[in-house]
Amino acid sequence: MPQLSKNLGDLAYRGSRYDEAWALYQRAIELSPELGDDVYFKLGNIAYKRNNRDQADALWRRALELNPKHELVKANLDTLSALS
Numbered sequence: 352m353p354q355l356s357k358n359l360g361d362l363a364y365r366g367s368r369y370d371e372a373w374a375l376y377q378r379a380i381e382l383s384p385e386l387g388d389d390v391y392f393k394l395g396n397i398a399y400k401r402n403n404r405d406q407a408d409a410l411w412r413r414a415l416e417l418n419p420k421h422e423l424v425k426a427n428l429d430t431l432s433a434l435s
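In terms of my numbering, the sequence shown is residues 352 to 435.
By construction, these hints were calculated from the structure, which means they are not laboratory data.
Misleading hints may appear alongside valid ones.
[Stated by the list, open to error] Straight-line Cα separation of at most 20 Å, SDA-like style, residue types lysine to any residue; simulated pairs:
(1) K400 x R368
(2) K425 x D388
(3) K400 x D361
(4) K425 x G387
(5) K425 x I397
(6) K420 x L431
(7) K400 x E371
(8) K425 x L415
(9) K400 x L434
(10) K400 x A374
(11) K400 x S435
(12) K400 x R413
(13) K400 x L355
(14) K400 x R412
(15) K400 x D388
(16) K425 x Y399
(17) K420 x D389
(18) K400 x K420
(19) K420 x N396
(20) K425 x R412
(21) K425 x R368
(22) K400 x D429
Put together the whole structure using the sequences plus the hints.
Pasting the structure below:
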């Protein structure tokens, strides 16, 4: 069930339906908190698009905990740091 929520979230995310994607990703991590760095990465992207930089930072850092080699997360955190 968490993977289904993630997959549906991915479809919503690709369609720029960010509120729907947010809800689906949240559901996925409620069911499986260690689901994957990609979910936290995309949640961080949505938070950033909503101008919630603190939340984006926290979500991207969680993604980096799960995958320390995630280059896009590192780039986003570097960009966020440069804006501060």
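Quick rundown of the hints versus the structure:
Restraint check for K400 and R368: satisfied, since their Cα atoms lie roughly 12 Å apart, inside the 20 Å limit. Restraint check: the Cα-Cα separation between K425 and D388 comes to about 12 Å, which is no more than 20 Å; the hinted pair holds. Taking the CA atoms of K400 and D361, the gap is near 16 Å; set against the 20 Å cutoff, the hint holds. With a CA separation close to 16 Å, the supplied pair K425 and G387 stays within the 20 Å bound.
As the CA atoms of K425 and I397 are separated by approximately 16 Å, the hinted pair is consistent with the 20 Å bound. For the hint linking K420 to L431, the alpha-carbon distance of about 18 Å falls within 20 Å, and the restraint holds. Under the criterion of a C-alpha separation no larger than 20 Å, the hint pairing K400 with E371 is consistent with the structure, at around 14 Å. Note on K425 and L415: the hinted pairing holds, with a Cα-Cα distance of about 8 Å set against a maximum of 20 Å.
Restraint check for K400 and L434: satisfied, since their Cα atoms lie roughly 14 Å apart, inside the 20 Å limit. Using a Cα cut-off of 20 Å, the hinted pair K400 and A374 holds, with the two alpha carbons roughly 15 Å apart. Of the pairs offered as hints, the one joining K400 and S435 holds, with about 16 Å between alpha carbons and a cut-off of 20 Å not exceeded. With a C-alpha separation of about 18 Å, the suggested pairing of K400 with R413 holds against the 20 Å cut-off.
For the suggested pair K400 and L355, the alpha carbons sit about 24 Å apart, so the restraint of at most 20 Å is broken. Proposed proximity of K400 and R412 is supported: the alpha carbons are some 17 Å apart, at most 20 Å. Taking the CA atoms of K400 and D388, the gap is about 18 Å. The hint holds against a cut of 20 Å. Distance check on the hinted pair: K425 and Y399 sit about 14 Å apart at the alpha-carbon level, within 20 Å; holds.
Between K420 and D389, the direct Cα distance comes to roughly 12 Å. Compliance with the 20 Å bound is thereby established for this hinted pair. With a C-alpha separation of about 23 Å, the suggested pair K400 and K420 falls outside the 20 Å cut-off, and the hint is violated. With a C-alpha separation of about 18 Å, the suggested pair K420 and N396 falls inside the 20 Å cut-off, and the hint holds. Using a Cα cut-off of 20 Å, the hinted pair K425 and R412 holds, with the two alpha carbons roughly 9 Å apart.
A hinted pair counts as satisfied when its Cα atoms are at most 20 Å apart, and K425 with R368 does not qualify at roughly 25 Å. Restraint check for K400 and D429: satisfied, since their Cα atoms lie roughly 16 Å apart, inside the 20 Å limit.
Taken one by one, the earlier hints fail for this structure at numbers 13, 18, 21, listed in ascending order.
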